[in-house]
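Participant: Chain F is already provided as a structure; the job is to place chain A on it using the hints.
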Amino acid sequence: MTQDDVPYLPRGVRTQFDAVRNVDVILGPERVLVLDQVGKAVVGRLDGEASLAEISADLAQIYDAPLDAIAPDVTAFVEDLRDRGMVHVRPR
Amino acid sequence: MSVRVDPPMAMLAELTHRCPLACPYCSNPTELLAKESELSTEAWADVFQQAARLGVLQLHLSGGEPASRRDLVGLVIAAREAGLYTNLITSGIGLTERRLRELDDAGLDHVQLSLQGVNASMADRIGGYKGGFDRKMHVAEIIADIGFPLTLNAVMHRDNLDDLPQTIDMALRLGARRIEVACVQFQGWALINRAVLQPSREQVETAKRTVARAIETLKGRLVIDFVPPDYYSDFPKACMNGWGSTGLNVTPDGTVLPCHAAETIPHLRFEKVTDRALSDIWYKSDAFNAYRGTDWMPSICQSCDRRDIDFGGCRCQAMALLGDAAAPDPVCTKSPGRAALDALLVEEVQEVAAPAFVYRR
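Residue numbers (the working numbering), protein chains in the order written: chain F, 1 to 92; chain A, 1001 to 1361.
Treat the hints as calculated values from the structure; they're not laboratory data.
All C-beta atoms, glycine included, are put in the ideal place defined by N, C-alpha and C.
Treat the hints with care, as some may be off.
Unchecked claim - Per the computed footprint, the stretches of chain A lying under chain F, defined by three or more beta-carbons under 8 Å from a beta-carbon of chain F, are:
| hint | segment |
| --- | --- |
| 1 | 1080-1092 |
| 2 | 1148-1154 |
| 3 | 1188-1199 |
Said to hold, decoys possible - Some but not every residue of chain F turned toward chain A, in silico, with C-beta under 8 Å:
| hint | residue |
| --- | --- |
| 4 | G12 |
| 5 | D18 |
| 6 | V20 |
| 7 | V25 |
| 8 | L27 |
| 9 | G39 |
| 10 | K40 |
| 11 | A53 |
| 12 | R90 |
The following block holds chain F by itself, in its conformation from the complex (with noise of 0.2 Å):
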């Protein structure tokens, strides 16, 4: 996965509120991730335009946060979540 490419949440993998545990959930085929704050702004920003790199520059804006400490947390989430088959990609 590159900087460029755009991340997306493919048909079949969506969020929900989970109101018994109090916890945000993704959901896909087989799978079910609680998401914390940082894993819930990253995958709500997972619209299907923002490219890789300016997911992370916004979140770094956000959080005051410097980008090179940021990037790298965002980056291996959104691949991780990949191979979970939760996430896809298409070249920008």
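Facilitator: Frame of chain F, contents of chain A only:
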């Protein structure tokens, strides 16, 4: 009892035991429930609502063949209204294009299509249903056309495990996002056919290498989940991720089980959703509490460093092979039951010619 009980994440709804196929590895019990005893549409809708309130996130609509229920579309609508992620587990038989489009409109999230073999001669022989393979391939085309996310559930055993590379190719060709390489687990009807279904150790080792390679080369294209034939493992499977910990199963007549084979444990009494609230059955019933946590375990499991990894393995397997549901799963090489399991492997795989399939009819 000191165990903290979490809400369940997943529910398997066995909508019916009826099925057009006759697979020798069927995991359903040897005695099936008749159509007359099946829960109504309204009763299932109520179960789905109760499940969602209890904390279930994922619903698997299964059978038998769920498409044998005429109200399948209505059941999917009810499941989505309850807020459940809804997965249809099907052989494809009974799904027309019109019905699949109705399921799409109803909000079905995901389809899991079973595969008996990679060509008609193998698949139709295993399923005991002539023409089944061609119909399944047609259904797969419609699924792709609609855009349903697809998992191919390839049930593997001695006769088709050598076709694993072609099976993975087929998943790619059908546009599946995920393949479950599910080696037969010996429960229910499958137990009757164990001697003919059990693969050889060489087959299993080759399959493991094929899977490991495919996981690497297909990363990002195809998710591969491998369920190994557990008799060849050194440690037991983490069955149900622990009894009564994560998932539950509702049979066609509304009986609530901790796993689909639990009724093989004769001293447990299982309750029906028509008699008691699902939440009460999950949290309070004797059957769900019987093997929860670690208190029930024999000392060899209590003191084991894998206690919280595999939870003592499968209770139904201990019951089936040792006659004691509270014994350590005999797959475990540390357990006294392992000798009996090894003897079975020698007897059934290496010494005698495989008998013919006993079809489920």
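Participant: Now, for every hint given, state plainly whether the structure supports it.
Facilitator: Structure-based check of all given hints:
1. 1080-1092: holds (count 3)
2. 1148-1154: holds (count 3)
3. 1188-1199: Result for this restraint: violated, n = 0.
4. G12: 3 Å, holds
5. D18: 7 Å, holds
6. V20: 4 Å, holds
7. V25: OK, holds: F:V25 within 8 Å of chain A, min 6 Å.
8. L27: The hint holds - F:L27 has a Cβ within 8 Å of chain A, the shortest such distance being about 4 Å.
9. G39: 16 Å, violated
10. K40: 16 Å, violated
11. A53: 19 Å, violated
12. R90: 12 Å, violated
Of the numbered hints given earlier, the model fails hints 3, 9, 10, 11, 12; all others are met.
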